[in-house]
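Novice: Sequence:
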Amino acid sequence: MGIFVRLYLRLFCSPPQPRTEIHHAVLIDAILASLPARFRVGSKFQKHGPDISTQTKEAEITAKLARLARVPVSDVFELEPTWSPDGFSEETAAQILDVYGLNIPVNERPLAALSLLWIALWNPFNVLLTILAIINAATDSLPTFIVMMTMVVASTSLRYWQEMKSMVQALKLVRSIVTRVRVIRRVNSVPQEIEVDLRHIVPGDVVAVASGDVFPGDCVVSLQRPWPLRRRRSRERCCRSTRPSVLLPWTSLSNSISWIIGMSAWLARRLQPETVAVVVVCTGKDTYMAAIAEELNRKRPENAIQLGIRKVSYVLLAFMAVMAPAVFIVQGAVSKDWKGAVMFAIAIAVGITPEMLPMIVTSNLALSAVRIARQKVIVKRFDAIQNLGAVSVLCSDKTGTLTADLVRVGKSVNIKGELSDLPIKLSFINSLLQTGSRSPIDRAILDYVGEEEKEALFITKGAVEEVLERCVSALMYEGLSRPIGNIEFDSSSSTTLTEAGRLEILNSAKRLNEDGLRLIAVAARKAFIKGHASISTEDEEDLVFVGFVALLDPLKPDAAEAIQKLGSLHVQVRILTGDVPAVAAKVARDLGLFNSVNLSKATNARSPKDEEAASDICERIDESSLIVTGPELAELAKDTELLSETIERAIIFAKLSPYQKLDVVKALRGGGRRAVAFLGDGVNDALAIRGADVGISVDSGTEIAKEAADVILLEKSLGVVARGVVEGRITLLNTVKYIKMACSSNFGNVFSVLIASAWLPYQPMLPLQLLVQNLLYDFSQASIPWDNVDPEYLEHPKTWSAWSIVRFMVCIGPFSSPFDIITFSINWFHYKIRTADSPWSHLHKQTGFWRLFIIQFLRTHKIPIIQSRASLPVVLVTFGVACISMAIPYIPKLNSALQMTPPVPMFYAYLVGTVAGYALVVHIVKTIYLRVFNGEWL
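Numbered according to my numbering, the sequence shown spans residues 1 to 938.
To be clear, the hints were calculated from the coordinates, so they are not data collected in a lab.
Cβ atoms here follow ideal geometry from the backbone N, Cα and C, with glycine treated the same way.
One or more hints might be untrue.
[Stated by the list, open to error] List of simulated lysine-lysine pairs, BS3-like, C-alpha gap at most 27 Å: (1) LYS64 with LYS339; (2) LYS285 with LYS655; (3) LYS638 with LYS416; (4) LYS376 with LYS565; (5) LYS311 with LYS666; (6) LYS510 with LYS586; (7) LYS862 with LYS565; (8) LYS376 with LYS285; (9) LYS655 with LYS666; (10) LYS510 with LYS655; (11) LYS311 with LYS411; (12) LYS526 with LYS586; (13) LYS411 with LYS586; (14) LYS416 with LYS565; (15) LYS411 with LYS565; (16) LYS285 with LYS380; (17) LYS380 with LYS666; (18) LYS411 with LYS510.
[Said to hold, decoys possible] Here are the simulated distance ranges between beta carbons: (19) ILE924 with LEU636: 50 to 56 Å; (20) ILE924 with SER825: 20 to 26 Å; (21) ILE924 with VAL875: 49 to 55 Å; (22) VAL726 with GLU936: 34 to 40 Å; (23) ARG511 with ARG408: 15 to 21 Å; (24) ARG67 with SER700: 23 to 29 Å; (25) VAL370 with GLU90: 37 to 43 Å.
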């Protein structure tokens with residue numbers, strides 16, 4: 001648990017602060033004055049703390065940390081009687097662990113098998129089929145009950161198996177990472193440094209933390225001395241004990257505890273870059289991260305797909321509620337057989353419902369999960385695949401996703417911004433001989449320069465403002481390479497820094513930042529020292545400013561291609577980063593995120609005219625208006641309308657707190673108006689990951705992020721996400737394809753039967769025949785998950801639309817009824833089928849052939865076979881089911897059970913004619929439908 005906190009980030013990113021010493025109580029009081037109202041617990045803390053009974057858990061923990069921040073270093077171990085600088089004995093640590101529990105802020109236990117089974121079962125379509133099955137069982141229609149419950153069981157089992165497998169894989173991934181920390185424990189009354197599992201850390205433990213280490217909880221950094229067990233071996237001077245302790249919560253980047261961060265930044269530059277001692281004050285569920293975890297345990301918001309499925313279920317129920325009673329009344333009034341009318345009405349209700357829908361949906365998702373798994377993706381939640389297909393906005397971090405997360409030296413320049421080898425050479429010496437541990441930046445400089453002759457110079461590097469504050473002069477030289485040995489710090493090579501000179505240096509730094517470069521300032525002075533161990537931060541005075549080493553995090557080779565691919569899919573990428581806005585803007589500029597074409601493609605433009613208008617608007621947008629920071633969002637918090645407009649417009653969000661990231665995601669979702677995906681890997685990302693329609697994390701992310709995610713990437717790449725979006729759209733489109741075809745076909749049949757019920761003195765189709773026909777058609781649809789999807793359908797986000805399904809059902813379905821009426825007439829007048837005792841199979845064959853053949857016409861808006869072809873599995877399964885439908889009247893016992901007889905040969909000629917006529921009518925209606933509804937088909 002915990003997050004990786006790199007001390008060098010504090011050294012290089014902290015804002016300039018006054019050099020005068022400030023008493024810690026005065027400092028905290030001043031910082032508390034700037035707290036948001038919900039965290040302002042008073043400028044003075046009473047002994048027992050403020051009244052926090054009405055505050056959230058987050059505010060309660062924040063208040064507790066605020067009280068601890070006022071504790072002087074000398075009193076840290078006075079907080080509890082058992083705390084000691086020499087650490088706990090193993091027995092005492094075990095006793096404390098029993099009281100506070102494992103240091104785990106989130107519950108790693110998987111869902112119980114029954115809970116996962118219930119989640120797989122509780123689906124609106126499963127519930128609908130179960131209700132119909134129970135009704136059929138109550139009316140002695142056992143075959144129908146068995147068939148429907150088989151569909152429910154098959155769908156639930158497949159989903160349960162796939163999600164259980166994904167959950168086990170994700171759990172193995174989480175548990176495969178064991179973090180160990182160095183802690184002081186008394187062994188035989190002698191303090192010793194040992195390694196302990198992070199989960200076994202308890203409040204009061206003294207832990208060693210170096211650059212890049214994991215903080216084991218909410219901690220106090222003791223500036224009273226270095227790591228205790230190394231203090232005798234170190235000749236470096238210790239920090240003064242008059243300074244206050246520094247609180248470092250689990251999430252040290254949160255603006256909601258910015259007062260803690262501010263104090264940490266004030267002291268960070270005074271920390272020696274060595275291993276320091278921290279005292280753990282809160283662990284497990286008492287930490288700040290636990291407050292975030294509690295928020296994560298709340299019920300997920302309903303996403304766009306779930307909302308669409310619920311509405312579609314309501315539509316089907318509404319049609320059942322209208323059609324079934326109508327058929328019951330008409331059939332009962334005509335035939336006077338009210339019991340038979342009840343059975344027929346139930347069959348109609350069953351006929352309207354696409355029985356295979358849960359199975360089709362689950363099969364689609366399972367097949368997609370298998371295909372996505374080949375792309376090194378673990379799908380924890382099935383619905384996430386469909387949600388990926390609906391995504392129109394992707395929020396992503398910058399580092400490691402768009403960039404390679406590798407610090408590289410871009411160039412070395414003097415104070416005028418001219419190329420010079422001097423700063424990089426001095427930085428190399430500093431990195432090689434510096435006190436304490438080496439950061440990734442140090443390693444980057446060493447890799448760049450290689451072995452070099454070293455001189456006895458005092459050299460320092462760091463954030464521009466921090467280094468410039470300690471400089472009294474600047475080295476003036478032309479931008480060229482000069483040997484280090486030739487440097488002379490005299491009046492001819494250095495100039496006293498004035499305010500104008502400092503401003504010029506800052507302006508040079510600003511220009512380099514705008515080029516996307518992160519700057520390390522380099523300063524030096526001649527110093528006569530015996531060795532690097534005798535140097536401390538107290539010597540960082542009266543320096544000569546030399547120049548800058550410009551660092552860059554190179555773009556990933558596939559980042560631009562992935563952005564272009566997402567843009568072609570009309571998915572807009574928003575960057576949420578902790579980096580400075582200028583650097584993020586440069587990355588966005590290089591990737592073309594500010595390009596008007598990409599911005600317009602990311603809109604909801606559905607036609608070339610809409611896209612052209614969106615492009616014109618984007619060309620007039622000022623680039624600076626597309627960048628917003630956390631503090632700026634905080635200022636807009638009271639004006640919700642302006643806040644929403646700002647979030648809607650912005651492309652880059654910098655310096656956000658965890659809750660601000662969640663607010664950004666909520667604003668972009670618009671209450672389910674569109675689907676938003678969030679890609680992140682840190683503790684600060686967990687809330688936003690959980691609040692998004694699709695939460696995405698990576699295998700190297702923190703456990704809490706992976707716990708909140710729906711999808712885990714084994715390779716952190718936007719290219720993988722783009723492929724997932726395409727796969728999600730294929731899944732969603734094939735599912736919608738099935739439900740539109742099934743519902744329109746079922747509605748047409750029911751409409752025909754309703755007309756026939758008012759005319760014929762017998763039921764035109766027996767309930768069992770209607771069920772068999774529906775099942776044959778549904779089984780022919782079982783191959784839909786393997787069907788091809790026209791490329792045009794993949795260009796835009798897709799979601800479930802109840803209105804679109806109703807429109808398709810009502811506009812397309814009834815056009816089969818005229819052909820059914822013709823068949824009724826032929827049966828009545830030509831074949832003399834006028835009683836319920838007349839065995840026949842004409843209507844079964846005709847409607848069965850129509851429904852199977854018409855799949856080729858309804859699956860695409862194009863001309864079938866010529867412009868768009870179904871996949872081979874669809875063709876084979878459809879042909880196979882058609883053969884079975886043809887054979888049923890000729891199979892002994894089965895034909896008698898279904899009350900069918902083989903039709904006369906002439907009927908097949910009529911069948912071919914009616915199917916061809918129906919196909920022609922459907923194509924004409926399709927053309928009109930596409931024109932009326934702006935080309936929307938699926």
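Novice: Each of the hints needs a verdict: does it hold here or not?
Specialist: Comparing the hints with the structure gives:
no. : hint                           : result
1   : LYS64 with LYS339              : violated (72 Å)
2   : LYS285 with LYS655             : holds (26 Å)
3   : LYS638 with LYS416             : violated (44 Å)
4   : LYS376 with LYS565             : holds (19 Å)
5   : LYS311 with LYS666             : holds (21 Å)
6   : LYS510 with LYS586             : holds (13 Å)
7   : LYS862 with LYS565             : holds (25 Å)
8   : LYS376 with LYS285             : violated (33 Å)
9   : LYS655 with LYS666             : holds (18 Å)
10  : LYS510 with LYS655             : holds (18 Å)
11  : LYS311 with LYS411             : violated (58 Å)
12  : LYS526 with LYS586             : violated (37 Å)
13  : LYS411 with LYS586             : holds (16 Å)
14  : LYS416 with LYS565             : violated (40 Å)
15  : LYS411 with LYS565             : violated (32 Å)
16  : LYS285 with LYS380             : holds (25 Å)
17  : LYS380 with LYS666             : holds (22 Å)
18  : LYS411 with LYS510             : holds (15 Å)
19  : ILE924 with LEU636: 50 to 56 Å : holds (54 Å)
20  : ILE924 with SER825: 20 to 26 Å : holds (23 Å)
21  : ILE924 with VAL875: 49 to 55 Å : violated (24 Å)
22  : VAL726 with GLU936: 34 to 40 Å : violated (20 Å)
23  : ARG511 with ARG408: 15 to 21 Å : holds (20 Å)
24  : ARG67 with SER700: 23 to 29 Å  : violated (35 Å)
25  : VAL370 with GLU90: 37 to 43 Å  : violated (48 Å)
In summary, the structure is inconsistent with hints 1, 3, 8, 11, 12, 14, 15, 21, 22, 24, 25 from the numbered list given earlier, while agreeing with the others.
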